[in-house]
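Following the hints, complete the assembly by docking chain G with the ligand onto the known chain V.
Here are the chains, one letter per residue:
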Amino acid sequence: MFLINCPYCGERDQQEFKAGGEAHIERPKQPTELSDDEWAEYLFMRKNIKGVQFERWNHAHGCRKWFNMVRDTSNDEIKAIYKMGEKPPAQ
Amino acid sequence: MTKNLRVKSSEYIDETNRISFKFNGKTYHGFKGDTLASALLANDVHLVGRSFKYHRPRGIMTSGSEEPNAIVQVNPGTNRTEPNVRATEVEIYEGLEASSQNCWPSVEFDIGGINNFLSPFFPAGFYYKTFMWPASFWEKYEFFIRHSAGLGKSPTSSDPDIYDHRNIHCDVLVVGAGISGVLAAKNAAKNNFKTLLVEEKNELGGSTIYENNEFNKIDNKASSEWLKKEIEELKGIKNLEIKTRTSVAAYHQYNYLLARENLTDHLEAKDKTNKIRQRLLKIRAKKVILATGALERPLIFNNNDRPGVMLSSAVKKYSEFYGVACGSKNVFFTNNDSAYESALSLYNKGINVEAVIDIREQSESKIVKKVKEAGIKIYWSHTIVDTTGYKRLNSVSIMKLSNDGTSVTGSKISILCDCLGVAGGWTPAVHLYTQSGSKLKFDEEKKVFLPNKNTSEQISVGSCGGDFKIDEIIKNLNQKLKDTLNIKETDLDNIKVEIDQENSKRNIWLLPSDKPLGKTKPFVDYQNDATAKDIKLALREGFRSIEHVKRYTTTGMGTDQGKLGNMHALGIIADTAGVKMGELGTTTFRPPYTPLTFGTIVGRNVGKFFDIFRRTPMNDWHVENKAEFENVGQWKRAWYYPINGENIHQAVQRESKAARESAGILDASTLGKIDIQGSDASEFLNRVYTNAWSKLAIGKCRYGLMLNEDGMVYDDGVTTRLGENHYIMTTTTGGAANVLGKLEDYLQTEWPELDVYLTSVTDHYATASLCGPNSKKILKKIIPDLDLSDENFPHMSFKEANIGSIQCRIMRISFTGEHSYEINVQASYGKDLWKKCMEAGQEFNITPYGTETMHLLRAEKGFIIVGQDTDGTMTPIDLQMDWIVSKKKYDFIGKRSLYRSDTMREDRKQLVGLLTDDPNIVLEEGAQIVSELNQSPVEMLGHVTSSYFSPNLKKSIALAVVRGGKDMMGKKLFVPMENKNINVTVANPVFYDEKNERLNA
Ligand SMILES: [Zn+2]
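Protein chains in written order, with the numbering used here: chain V, 1 to 91; chain G, 92 to 1092.
Excised from the complex, chain V in its bound form:
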């Protein structure tokens, strides 16, 4: 059970949060311009890395804010947390 440092509320138990999958996958601005393959790439393809992964999390039972997390999926170490729109930390 992680201890997650919500950038708006501070440290809270993982129970209050919802994981939202891989981060930094931007919704295409002009979906109609994309081929089926390009659209499928956005819609379905996720990396699911063993190691350092960029993820979206939501403080669902708290401030309801979304934010980003850098987590090592092999040992669950949370390496960084930053707000939506902020630049990801250098690896």
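Hint data in this document are derived by calculation from the structure and do not stem from the laboratory. Even for Gly, the Cβ is constructed at its ideal location relative to N, Cα and C. Warning: the hint list may mix true and false statements.
[Claimed, not checked] Rough simulated footprint, nothing fancy, chain V against chain G, three-plus residues with beta-carbon under 8 Å:
| # | stretch |
| --- | --- |
| 1 | 485-491 |
| 2 | 830-843 |
[To be verified] In silico SDA-like cross-links for lysine to any residue, where the CA-CA straight-line distance does not exceed 20 Å:
| # | chain 1 | residue 1 | chain 2 | residue 2 |
| --- | --- | --- | --- | --- |
| 3 | G | Lys833 | V | Tyr42 |
| 4 | V | Lys50 | V | Gly85 |
| 5 | G | Lys377 | V | Asn5 |
| 6 | V | Lys50 | G | Gly528 |
| 7 | V | Lys83 | G | Tyr837 |
| 8 | G | Lys281 | G | Asp574 |
Chain G with the ligand only, in chain V's frame:
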């Protein structure tokens, strides 16, 4: 005849407090302070259970939570019964009853024992190999396997006890209160760290507290005396909370630990009532100090499982702590000095020790000399090759061990004995450490896995950290405490420790016998009856991964998770496969460390607290009027309102007719409501719904369909424009929270530039839906000054009004196809509004209807219910709702996916109506639809999603999804059921009032 083997009064046993208890129906006596195991041993009872596979007689092996054999059913036949309890952990109390498990008809005579003689036919993987063929026989095999499998019996009536959960936040959590844990906790607390010390036993001090090794001295005192004084001093320390009878079950990431505190299990029945039985502690610690100690290892030799074969350390604890002799003729078998402490301990109490058998060539330590001086015979370089005694150990046969330790030589010597203390060295208890995600390293010299790479703020101190001598323990503990707590001085700086202890050890994982391995039974996992033979067989059959060998042989898969034998299993695999143990890795130790009761896990969340439920403001009225309820998400919704003994069918038929013929009223308060405000609100709706929203006039309502990005229908509902920048959206009852979450996600992460604010107002409004041709007249009576003409208040529009002084929002929208109004008031006025509607509607026979009638009425109109007629694979096109998908809008959530080759396939499942040829037959929802009856196998074209008998159409109607159904209008299909085939015809899903004339009736 029972013997009394109580040898001395122990300070931990209260001999003035005599306790009677029953084991397997027979009454025995023990004393306050005894465990079930120590009390049975004092009565000379060793045989306590049968093994799992071969039903071999088994006895008590240990004195702690690692016990593999002595697992019992406590209080059998009562509602407090608990299976798989370790007799070594049960504190006896007056009236305690316990019985053996896994034997029938009794532990003394067990029919399953025949498996022992058949054991050549039960090798590893026996079940996998035998019962897989022929496949069709599995059902028959399963019956017998299930019948003979399983440990213990679960209670059949509900648990009378109360369980609790508690959150604890602390600076330092110390797990285990042996000498290391006590000293760590004391120093942490004294340095102002908020400290919690948990110990699974009921006494602090671990093994040091009863140890009487005259060679171990701290500050010139016997180590046990010195530790007692330290424990005494804990009492006055602030910041320190101590919990005994508390076992840490799980150690998760970020120093989150779960522990079970046992509060009443040691009390008599009369003292248990109205008390919390067990409490789950949810501990979040800044730092964790693991002081979990070490478990003594057995040795693996032929027939090493007979009742009377015990761990040497357990024999010592029973004598020193409980004052019980485990046998009258004791022998020890060892590969290190530990057994000599036990031998000496018995000798000093006048208990007969026949011999010590040592596989080492020799040892010159003081303690060994002392044993020699006592006249106890020591057999160096010898090993046990066999044992005798069926229900109790009777003798051991020993032979000289070859130099390389792989064979035996010379002649066999037999030694009579009734108790054998086995000492195979010590295994650090690293289970919790690895649960935390931290990694181990194998120490080739000590032959143990030790903590290596920590993943959280934690240290392992004492023997669980690899320190086995008291001087090393204190020295390393001191340094680790200073480092982790960042302190300069501790109590331990000036302690003087004198010891004389040798750690010399000869490690042989599998000891040889004079018989070939195939003819011996060297048990590695006692609980699951896995022998060294099984492990070698698995390797011969090609298994390499330790995880695979474990599953194939079931080694380490019992309720004890193989705490005693896992290391030997690894060692035997490494030796046989010719690899180093460090390269082999370990199996995963999974929580819980010892089994938890279900009660502890669920705590107070039982009965009506199992899940939250939500009630509408009108709920009391529904209850008073005898409504039946159904669960919709967490909501309790009125399902139907039976009168005069009606069943559900009769009530729904009546309600449905009344709603169309005169007036009906539905409690629609559970619909999700989201208040949407901001200058970009219209643009936002354009992006989230499939249809266009920019041109919706203020005061108008519109139905919207929401898709997932994959193009599949996600939710639907009516949204009303209340003002220039203000909308109120309704969602399905079950989807409300998810829709809000999804909309927030898009707003915050994809479109942060939009000026839009979302607020859930589901609970803030109560909603009564008034429908039917007389609904207008009823509303007129309630709000006389509101112009209800079609010109002023047309279908799909909204008005604000007052009922008396109560403000309300009224939408003229319809989910039944009838002229209807949804009246929304502040939640607290909901019941009032409902009563007013009922009063005003009385002359029109207004009929309250529930969700079942609502479903029927909308089905007559072919309106979908998201989640019933859709299942996450239906696009709006599949639903024949092309009309709601804007072609003009550049983009909305899911739009691009509607043009993927897969979503554009013509042969997708599509929503259609179905009419049965016999109008009286009502299809079953979920029934499969086919086009051919005389073909096998036959393709299933789809299934029935909604089905009712329509009282208004006087026939059965259904909605269904059918492959290519859009182009099948009028086609005959079949619904094959168990006893009959039903003929159906594909029809328009709008069965009633296709032209929507009734909306303005
Ligand atoms: Zn937050």
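Now the hints, each set against the structure:
Only residues whose C-beta sits within less than 8 Å of a C-beta in chain V count toward coverage, and the stretch 485-491 of chain G has 0 of them, not enough to reach three; the restraint is violated. Requiring three or more residues with a Cβ within less than 8 Å of a Cβ of chain V, the coverage given for the stretch 830-843 of chain G holds, as 7 such residues are present. Taking the CA atoms of Lys833(G) and Tyr42(V), the gap is near 17 Å; set against the 20 Å cutoff, the hint holds. Note on Lys50(V) and Gly85(V): the hinted pairing is violated, with a Cα-Cα distance of about 25 Å set against a maximum of 20 Å.
Between Lys377(G) and Asn5(V) the CA atoms are separated by roughly 14 Å; this keeps the pair inside 20 Å, and the hint holds. A C-alpha spacing of about 15 Å is found between Lys50(V) and Gly528(G), which places the hinted pair at or below 20 Å, so the restraint holds. Of the pairs offered as hints, the one joining Lys83(V) and Tyr837(G) holds, with about 15 Å between alpha carbons and a cut-off of 20 Å not exceeded. At most 20 Å may separate the alpha-carbon atoms for a hinted pair to count; Lys281(G) and Asp574(G) meet this at roughly 16 Å.
In summary, the structure is inconsistent with hints 1, 4 from the numbered list given earlier, while agreeing with the others.
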